[in-house]
Amino acid sequence: MAKRRYKGLTLQFVSHREIARLDSVERIKKLLKIVLDNKVIILQGRLSAGEESRLIEDTMVMIGNVKGFKGVELAVITGDEEGSSVWDKFKSGLARALVGQQDAVTIIGPASIVKEMKKDPTKLELVMN
Amino acid sequence: MAIKILRDFTKRMFGIFFRQKEEISLGFYGPPNAGKTSLANKICKDWTGDEIGKVSKMAHETRTVQFKEEVEIKYKDKSLKFKLVDTPGIATKIDYEDFMKGGKKNKMKKKQAQSRAKEATQGIIEAIKWLDDVDAVVVVLDATENPYSQVNITILGNLVARDIPVLVVANKVDLRKADIKKVESAFPDYEVVGISAKYGKNMDEFYESVFRLAKKA
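The listed protein sequences correspond, in order, to chains A and B. The numbers in this note's numbering rise by one with no breaks, and the one at position 34 of the first sequence is 34. The numbers in this note's numbering rise by one with no breaks, and the one at position 176 of the second sequence is 176.
Take these hints with a grain of salt, some might be off.
DSSO-like, lysine-lysine: derived pairs with alpha carbons at most 27 Å apart [stated by the list, open to error]:
| no. | chain 1 | residue 1 | chain 2 | residue 2 |
| --- | --- | --- | --- | --- |
| 1 | B | Lys78 | A | Lys115 |
| 2 | A | Lys118 | B | Lys83 |
| 3 | B | Lys118 | A | Lys33 |
| 4 | A | Lys30 | B | Lys129 |
| 5 | A | Lys29 | B | Lys118 |
| 6 | B | Lys177 | A | Lys123 |
| 7 | B | Lys101 | A | Lys67 |
| 8 | A | Lys115 | B | Lys83 |
| 9 | B | Lys129 | A | Lys33 |
| 10 | B | Lys177 | A | Lys29 |
| 11 | B | Lys83 | B | Lys54 |
Since the hints were made in silico from the structure, they are not lab data. Note that the coordinates shown come from a computational prediction; the quantities given were computed from them, not determined experimentally.
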């Protein structure tokens, strides 16, 4: 069996504070810039639903316009709320409304590097290309 | 939960004073190859005799939004008119080389594959834009695949943010690998109906759920 050459992998941590002051457009621009540098982003918190769809739209525009770019792999891990009480859900909902969903982690990687993100409720597996 | 009950109650109260829309725009969303067009075709065939679009085993066969207007669905003694909006499968990546790997029948040359990939990316953008123009959505998932993919979560998140009522369909239940329980546990806040659009399995339960969904629209 032929040995695969290990090219290395860069993970870039982006804190919530780093993107909190940016508007949605700037936020997505910043994240896609990192992805275009062939780095895998570990983002503290998560994007809003609208931002996630905007990220997909912008990614689609870039495929075909940026040489070698095939898109992104994306996954969000959140605190497990299954079984938590109404009061706990209310508290976490209030906290999210005030400071954003910081108890989540978002992983975004270029599809040329990350082949697949296999997610189930308790674990996330990154399959590399 | 309390907000949801209050929202549904408000909608029902409004429904008493304002007549329900004459035609409900029903979107079909989901990842590629989940069977959105197969399901839309089955509905169209059942109630109009026509089909809405071509079906293929290859992903991204549907690359533009397809419509079928004035589809009148009857259930028990009621009937409702729908505009069916079949959308291209939403994905976060598209590699033209994947289109070059198809079997003998589907294999494409590089230029053709690149052109198809471009169409597929445009189709995804169009599908997302259409989220603003549907009254209710059927999210079609392949019951043999892992339901926890971020695309599914992103689609549902966007529908919730837009306050669009959702029905989750676990398609391909005729296949041995299908796991409807997994789909149900992945999306406990939504009604999930297991069907086989290809073989027309469990369509009565599906139509019943569509009528419930239409009430919320």
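Status of each hint after checking the structure:
1. B:Lys78 x A:Lys115: Violated: Lys78 of chain B and Lys115 of chain A sit about 48 Å apart, past 27 Å.
2. A:Lys118 x B:Lys83: Outside the cut-off at roughly 35 Å; violated.
3. B:Lys118 x A:Lys33: The given pair, whose Cα atoms are some 21 Å apart, holds under the 27 Å limit.
4. A:Lys30 x B:Lys129: holds, 23 Å
5. A:Lys29 x B:Lys118: The given pair, whose Cα atoms are some 21 Å apart, holds under the 27 Å limit.
6. B:Lys177 x A:Lys123: holds, 21 Å
7. B:Lys101 x A:Lys67: Cα-Cα ~20 Å, so holds.
8. A:Lys115 x B:Lys83: violated, 37 Å
9. B:Lys129 x A:Lys33: Within the cut-off at roughly 24 Å; holds.
10. B:Lys177 x A:Lys29: violated, 40 Å
11. B:Lys83 x B:Lys54: The hint holds at about 18 Å.
Hint check: violations occur at hints 1, 2, 8 and 10; the rest are consistent with the structure.
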